[in-house]
Amino acid sequence: EAGVIAIFCGKVLEQSTPTVYGDGLQTRDYVYVQDVVAANLRAADLPLDGVPARIDERAFNVGTGVGTSVNRLADYLEEIADRRPGREYRAERPGELRHSTLDASRFNEHGWAPTTPLREGLRATYEFIEGARAGRA
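Using my numbering, you'd call the opening residue of the sequence shown number 2 and step up by one each time.
Bear in mind the hints are in silico, worked out from the structure with no lab data behind them.
Just so you know, even glycine gets a beta-carbon here, dropped at the ideal spot from N, CA and C.
Incorrect hints may appear among the rest.
Just the calculated beta-carbon pair ranges, DEER-fashion [unchecked claim]:
1. Gly96 with Arg43: 31 to 37 Å
2. Gly66 with Glu97: 17 to 23 Å
3. Arg43 with Tyr90: 36 to 42 Å
4. Thr18 with Ala45: 38 to 44 Å
5. Ser101 with Val34: 16 to 22 Å
6. Ile8 with Ala60: 26 to 32 Å
7. Gly11 with Arg59: 34 to 40 Å
All chains should be built: construct the whole structure from the sequences, respecting the hints.
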């Protein structure tokens, strides 16, 4: 899953087939980069007065709380790119988590929440990578 969006975007732009490890039903919590930046800026603005001594009480999850399968992600990208490269399925990687979503409610209490829907963020990412490859970024 590490970099799966960038990898899939690259494959679609190259008109080659993305590789999916496992059955593609594993889910991840995809967060648009601008939402992650906003989370970091919000965290930097939080007051330190009265901060708990334990790091666990100062750590926040940055996520949407929504799991999206790798197959669904690939479907969305095909729609955005208007290309159907298909998928090559390979054996699941040993030790890979089946499902991973984050509960960001503690951070929500401090004024942060993601604002970019997955498809919108995926479209912006695809268009950025497409532009970068064409020398427009």
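Hints, one by one, checked against the model:
1. Gly96 with Arg43: 31 to 37 Å: At 33 Å between Cβs, range holds.
2. Gly66 with Glu97: 17 to 23 Å: 21 Å, holds
3. Arg43 with Tyr90: 36 to 42 Å: Holds: the Cβ-Cβ distance is about 39 Å, inside 36 to 42 Å.
4. Thr18 with Ala45: 38 to 44 Å: 41 Å, holds
5. Ser101 with Val34: 16 to 22 Å: Roughly 18 Å apart at Cβ, these two residues keep to the hinted range, so it holds.
6. Ile8 with Ala60: 26 to 32 Å: At roughly 28 Å between Cβ atoms, Ala60 and Ile8 fall inside 26 to 32 Å, so the hint holds.
7. Gly11 with Arg59: 34 to 40 Å: 36 Å, holds
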